[in-house]
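Here's the letter readout for the chains.
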Amino acid sequence: MADSGELRKRTFVVTRFDPDKDQVPKTQSYEVPCRPEWKVLDALNYIKDEIDPTLSHRWSCRMAVCGSCGMNVNGEPKLTCKTSLAEYGDTVEVAPLANFPIIRDLVIEMDGFMEKFKAVKPWVIVAKEKAAEEGTYRQSPAQLAAFKQFSMCINCMLCYAACPVVAKEPDFLGPAAIALGHRYNMDSRDEGAPERNEIFRGEGTVFSCSYANECSEVCPKHVDPAAAINQSKLLAVIDWATSFVVKREK
Amino acid sequence: MTRPSDPQAMTPSKPGRTRTAPPQLPDDFWTRPRMRTYLLFDATGIVYLLVGLIALRVAWALADGAPAWDALLQSFASPGYVLFHILALISAIFVGVRFFRLFPKAQPAQIGPVKPPPPAVLHALLYAAWGGITLVLLAVFGGIWP
Numbered sequence: 001m002a003d004s005g006e007l008r009k010r011t012f013v014v015t016r017f018d019p020d021k022d023q024v025p026k027t028q029s030y031e032v033p034c035r036p037e038w039k040v041l042d043a044l045n046y047i048k049d050e051i052d053p054t055l056s057h058r059w060s061c062r063m064a065v066c067g068s069c070g071m072n073v074n075g076e077p078k079l080t081c082k083t084s085l086a087e088y089g090d091t092v093e094v095a096p097l098a099n100f101p102i103i104r105d106l107v108i109e110m111d112g113f114m115e116k117f118k119a120v121k122p123w124v125i126v127a128k129e130k131a132a133e134e135g136t137y138r139q140s141p142a143q144l145a146a147f148k149q150f151s152m153c154i155n156c157m158l159c160y161a162a163c164p165v166v167a168k169e170p171d172f173l174g175p176a177a178i179a180l181g182h183r184y185n186m187d188s189r190d191e192g193a194p195e196r197n198e199i200f201r202g203e204g205t206v207f208s209c210s211y212a213n214e215c216s217e218v219c220p221k222h223v224d225p226a227a228a229i230n231q232s233k234l235l236a237v238i239d240w241a242t243s244f245v246v247k248r249e250k
Numbered sequence: 251m252t253r254p255s256d257p258q259a260m261t262p263s264k265p266g267r268t269r270t271a272p273p274q275l276p277d278d279f280w281t282r283p284r285m286r287t288y289l290l291f292d293a294t295g296i297v298y299l300l301v302g303l304i305a306l307r308v309a310w311a312l313a314d315g316a317p318a319w320d321a322l323l324q325s326f327a328s329p330g331y332v333l334f335h336i337l338a339l340i341s342a343i344f345v346g347v348r349f350f351r352l353f354p355k356a357q358p359a360q361i362g363p364v365k366p367p368p369p370a371v372l373h374a375l376l377y378a379a380w381g382g383i384t385l386v387l388l389a390v391f392g393g394i395w396p
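Chains A and B supply the protein sequences, listed in that same order. Using the working numbering, the final residue of the first sequence is 250, and nothing's skipped along the way. Using the working numbering, the final residue of the second sequence is 396, and nothing's skipped along the way.
Just so you know, not all the hints are guaranteed correct.
Claimed, not checked - If the Cβ cut is set under 8 Å, some of the chain A residues that face chain B in the computed set are: (1) Gly89; (2) Asp90; (3) Glu93; (4) Ile102; (5) Pro141; (6) Pro170.
Hints were generated in silico from the structure; no laboratory data involved. Glycine included, every Cβ here is placed at the ideal spot set by N, Cα and C.
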């Protein structure tokens, strides 16, 4: 065990919201003795365990895989389990992810995000399923490389909290959903690109993106949603143009 | 610490089981370095709008004949216009550099059998085209060529 000399007192200014009592979110400060190796999540867990058991926050895997612990730390969307306290000074502000309705304290409403995900048909679409006896679908390393980067998303929603278009256009599908749609469009097994491109050509999708690139800057898994969105713009236009030449079955 | 963003941002189509607080934005989001750069990029749109209005004025002067054209050229020598054109040049360079930086990753990995060149080659091509077109325009409008 480290002795107390290694501890550093930090003030955590945490957003609090109780749907039964509060009209709007407020903040509450906590003094936390932090160990040097702590992440922001460790401090939140300390507050919950030792100071104020009423604090609500989401977390699970503690190793940047589950995507549950996304919050705004000093105004930047971060995975709190991956964000070292060494990056911060004596005061750390922790707020729920920006641009999402708040259920309680640091917990945000995810249903709107899940609806946007569903809208891009995030599954392999084929005209006719292969029979089991025909064997597995095979892909070359090059075919896998075409979409692998975009399949690394952990649905942490940091990109939605960073996106300036999400903040002002509620109908915008948003970075993660479009990146996921693009991931399936680039998959050699998939035949659903025309369906998704039709969605992408609609209102509030790829052409609403102003290429601020904020989503890619904050992505903890380097998925690069901004690249996916802007590649989708060109592919959606090419798909529209070829639809006049190549007849498609409905 | 925070301010409301669009009240409908990321809300589900059906109301949730508990009452929620409206979505929030960091109060000082626009002061963060990356966001500041993006807002500056957006603000250059105002400069281009003014450049467009000046272009209309140029067309107007052309239609009004030689005296109007001479008066226009004289007004372009005023400090205000010179400063504005320097601002327009800085805006164009700023937007160009940003566009060239982000352009390579906006290219699909493959369109049919065609693959884009590596990002470094794309960058070099873009800057070469920019430099080349600038030189040609300078030569034409400077009376050196053709």
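> Quick check: which numbered hints come out false for this structure?
Replying inline: 1, 2 and 5
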